[in-house]
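Chains A and B, in that order, give the protein sequences.
At position 333 of the first sequence (counting the first as 1) the number is 332 in numbering that gives the first Met the number 0, and the numbers step up by one without a gap.
At position 160 of the second sequence (counting the first as 1) the number is 159 in numbering that gives the first Met the number 0, and the numbers step up by one without a gap.
Calculated directly from the structure, the hints in this document are not laboratory data.
Don't take each hint at face value.
What the hints assert, rightly or not - To spell it out: a stretch of chain B is covered by chain A in this simulated footprint if at least three of its residues, at any positions, have a beta carbon under 8 Å from a beta carbon of chain A; those stretches are: (1) 126 to 134; (2) 191 to 200; (3) 336 to 350; (4) 365 to 372.
Said to hold, decoys possible - Restraint ranges, calculated between C-beta atoms of paired labels, are given here: (5) V283(B) x E217(A): 56 to 64 Å; (6) E229(A) x H280(B): 20 to 28 Å; (7) V283(B) x T21(A): 20 to 28 Å; (8) R196(B) x E51(A): 44 to 52 Å; (9) Q44(B) x E29(A): 23 to 31 Å; (10) N271(A) x H280(B): 37 to 45 Å; (11) V283(B) x E51(A): 53 to 61 Å; (12) I395(A) x R274(B): 21 to 29 Å; (13) E346(A) x T343(B): 17 to 25 Å; (14) P279(A) x E290(B): 29 to 37 Å; (15) V308(B) x G397(A): 36 to 44 Å; (16) E310(B) x N271(A): 18 to 26 Å.
Note that CB positions come from ideal geometry on N, CA and C, so glycine has one too.
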Amino acid sequence: MDLNFTPEELAFRDEVREFVRTKLPADLSERVKAGQALRLEDYRRWQKILFERGWGAPTWPKEFGGTGWDPIRLHIFEEELALAGAPKPVPFGLRMVGPVIMAFGSREQQQRFLPRIVSGEDWWCQGYSEPGSGSDLASLKTRAERQGDYYIVNGQKTWTTMGHQADWIFCLVRTDPNAAKPQQGISFLLIDMRSPGITVRPIITLDGAHEVNEVWFENVKVPVENLVGEENKGWTYAKFLLGHERTSLAGIGSSKRELGRLKRIAREETKNGRPLIEDPLFAARIAQVEIELMALEITALRALSAESKQQAPGPEASILKIKGTEIQQALSELMMYAVGQYALPFERHSAEENDFASIAGPDYAAPLAATYFNLRKATIYGGSNEIQRNIIAQRILGL
Amino acid sequence: MDFTFTNEQQLLADTVQRFVREHYTFEARREILRSAAGWSREIWQELGGLGLLAINVPEEHGGLGAGPVETMLVMNALGAGLVLEPYLGAAVLTPSFLTKLDDAAASAELLPLIATGERIVIVAHQEPNARGELALVATRAERSGDGYVLQGKKSVIAHAPTADEFLVTARTSGKATDAAGVRVFRVPRATEGLAVRAYRTFDGQCAADLEFERVRVPSENLIGAEADTLAALEAARHVALSALCAEAVGIMKAVNDATLEYTKNRKQFGQPIARFQVLQHRMVDMFIHAEQATSMSYLAAIKCQDADVQERRRALAAAKTLIGQAARFIGQQAVQLHGGMGLTDELMVSHYFKRLTAIDLTWGDADFHLQKFAEAL
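Make a model of the complete structure from these sequences and hints.
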């Protein structure tokens with residue numbers, strides 16, 4: 000039992016720090032630290048820099064172009080990047096479809112798709128949720144019918160993050176509507192977003208942003224070689240992917256960075272002529288979140304070291320998802336309340352770039368309310384926190 | 000003890016509810032939101048036509064001289080419709096302030112115009128870093144010739160862009176947080192040196208920061224007696240806080256209804272999600288929060304004109320604390336229970352959530368009022 004990093008791990012941390020110090024573009028880290036949303040080209044730029052250093056896929060094994068790092072090194076790497084204000088990893092390629100293709104894809108699919116994810120040439124989005132199938136994902140209706148060498152896909156996906164920007168979408172589709180159980184008739188298809196018959200419509204969210212989309216499929220022809228694994232076995236792959244998604248949602252490094260930002264704002268703001276951070280009630284609110292975050296970090300490290308002994312993340316990942324997202328929301332809430340009345344003015348510089356201009360009050364106040372509203376999604380996506388509690392109840396507590 | 004409303008009060012509530020139902024549909028509201036001004040003078044005149052702008056104006060000045068209970072019923076209904084027009088500021092705070100200030104000439108001139116909706120007058124008081132604190136006025140009014148020169152800044156003044164005229168607090172003596180030395184000046188919208196930087200707040204309402212750069216006003220624009228100014232402002236804010244609490248309660252009931260309806264219709268795992276006990280208990284907690292908020296809104300309405308200022312402060316701080324907390328819980332959980340749909344601009348629920356959040360942030364959030372209450376234990 001030792002909670003300290005080994006000398007080798009500390010040396011690795013220095014190496015990562017040095018890399019970030021010299022290679023992370025200042026304009027990117029400034030946007031991240033100020034809570035401004037990033038554009039696709041920002042993510043592209045950063046992925047290229049990581050790729051050139053050989054760190055394009057930190058979570059992947061070496062044989063697929065990854066780093067082969069153990070969970071502790073991964074944790075150090077992710078934390079250093081997040082603290083420095085690096086763009087957060089986009090999960091759809093690296094954390095979702097990548098591991099599925101590695102585990103269940105054909106040799107050809109691995110060679111075709113994986114290198115382009117690591118290099119940042121291809122960007123992916125996720126075709127899981129449908130209007131009638133959210134928490135009850137297995138009830139999905141998007142249909143894929145085999146016709147010769149193709150599947151013909153018809154249906155609709157929704158809440159598709161980056162759907163308007165991605166090159167590819169990985170989709171759960173129903174290939175056998177007559178299967179005994181809904182889970183049994185599902186397949187996992189990789190679909191080129193440029194295929195004729197795909198229509199992407201924006202969904203504007205409560206913060207005025209365009210992040211998510213509806214994706215419509217009308218007689219979209221998908222070559223059968225884009226089927227991952229076996230037909231009608233897609234549910235197994237889907238669950239494997241969801242486990243990976245949950246672990247990546249804890250966001251401990253970025254929460255630590257946001258905690259630092261909260262404290263800076265609370266030192267800057269005044270209440271009755273004194274810094275807000277000296278207000279006993281507000282200080283206690285910050286302390287409460289910081290303590291939760293300290294606990295979560297150790298919980299995450301415990302889960303990661305257990306994970307390294309298994310194939311896929313276990314149900315413990317749900318703890319990380321629940322606590323991680325609650326902490327993210329609490330931090331965004333405190334930051335908004337920290338600026339008092341200046342949380343209210345709300346104007347976008349440019350809706351497309353999700354940039355906020357300070358129209359009244361300090362610059363740091365401008366994006367805070369939008370972030371607070373936006374982050375309500377965190378307890379809904381990736382399996383709502385209610386669903387995560389069901390997973391813990393059923394699979395850990397055996398209820 | 001009697002919690003029933005009179006027939007007149009019930010009639011008033013029905014009238015406003017019907018008006019909101021017929022004139023403030025989601026689509027109609029969206030049109031107003033998308034317009035350049037962000038509010039509708041036509042709606043304002045209709046509210047005037049219904050007599051709603053006269054509720055807080057005394058009868059001697061052409062008003063109805065009704066009380067906080069009537070205001071509460073109106074605000075419940077305006078809240079449910081997320082009405083964007085400046086009712087809280089122009090029809091509650093301003094007439095209450097003028098009435099308490101009791102400046103005969105100003106009341107005689109302004110209150111009748113306010114009662115009909117012909118003139119919109121907005122109180123410009125809040126300054127940067129106020130965080131809900133009432134007695135913070137750094138804006139200066141220096142004597143100069145036969146008038147005054149105003150210099151200073153007012154921050155996030157709700158509905159300022161709708162104003163024809165402002166009632167501006169400024170200090171003729173003392174430090175920014177002194178209780179004495181604060182006076183009120185009438186300042187028409189089009190006054191040289193006054194910059195109104197207009198914007199929307201995240202709930203879609205309009206607001207502005209006001210900058211006074213050597214703004215000259217004649218002596219007759221100074222209204223009220225010095226000794227009365229802050230006390231009158233506090234009394235008016237108590238009435239307005241009570242109205243704001245009532246608005247929040249109107250929204251809470253509407254958003255709880257919407258959530259109940261949604262979870263009964265949304266089916267997952269072969270049944271309405273409202274069948275799941277975890278969601279039932281959540282909605283029970285939302286309901287309890289709304290009931291507790293309703294009770295505190297009643298208390299606020301009954302106490303907001305109490306002669307005992309300590310009693311008033313205590314009641315309003317308690318009400319705003321509990322209602323701010325309830326607003327946060329209900330708003331967040333309503334979105335959560337709507338799932339992805341709760342995050343879209345397309346449903347009313349996200350708009351309710353944003354207004355509830357704005358209400359908590361207005362004139363001191365729940366923690367601010369909790370501390371005020373605690374200090375007076």
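Hint by hint, here is what the structure shows:
no.: 1; hint: 126 to 134; verdict: holds (count 6)
no.: 2; hint: 191 to 200; verdict: holds (count 4)
no.: 3; hint: 336 to 350; verdict: holds (count 9)
no.: 4; hint: 365 to 372; verdict: holds (count 3)
no.: 5; hint: V283(B) x E217(A): 56 to 64 Å; verdict: violated (44 Å)
no.: 6; hint: E229(A) x H280(B): 20 to 28 Å; verdict: violated (41 Å)
no.: 7; hint: V283(B) x T21(A): 20 to 28 Å; verdict: violated (56 Å)
no.: 8; hint: R196(B) x E51(A): 44 to 52 Å; verdict: holds (46 Å)
no.: 9; hint: Q44(B) x E29(A): 23 to 31 Å; verdict: violated (48 Å)
no.: 10; hint: N271(A) x H280(B): 37 to 45 Å; verdict: holds (40 Å)
no.: 11; hint: V283(B) x E51(A): 53 to 61 Å; verdict: holds (56 Å)
no.: 12; hint: I395(A) x R274(B): 21 to 29 Å; verdict: holds (24 Å)
no.: 13; hint: E346(A) x T343(B): 17 to 25 Å; verdict: holds (20 Å)
no.: 14; hint: P279(A) x E290(B): 29 to 37 Å; verdict: holds (31 Å)
no.: 15; hint: V308(B) x G397(A): 36 to 44 Å; verdict: violated (60 Å)
no.: 16; hint: E310(B) x N271(A): 18 to 26 Å; verdict: holds (24 Å)
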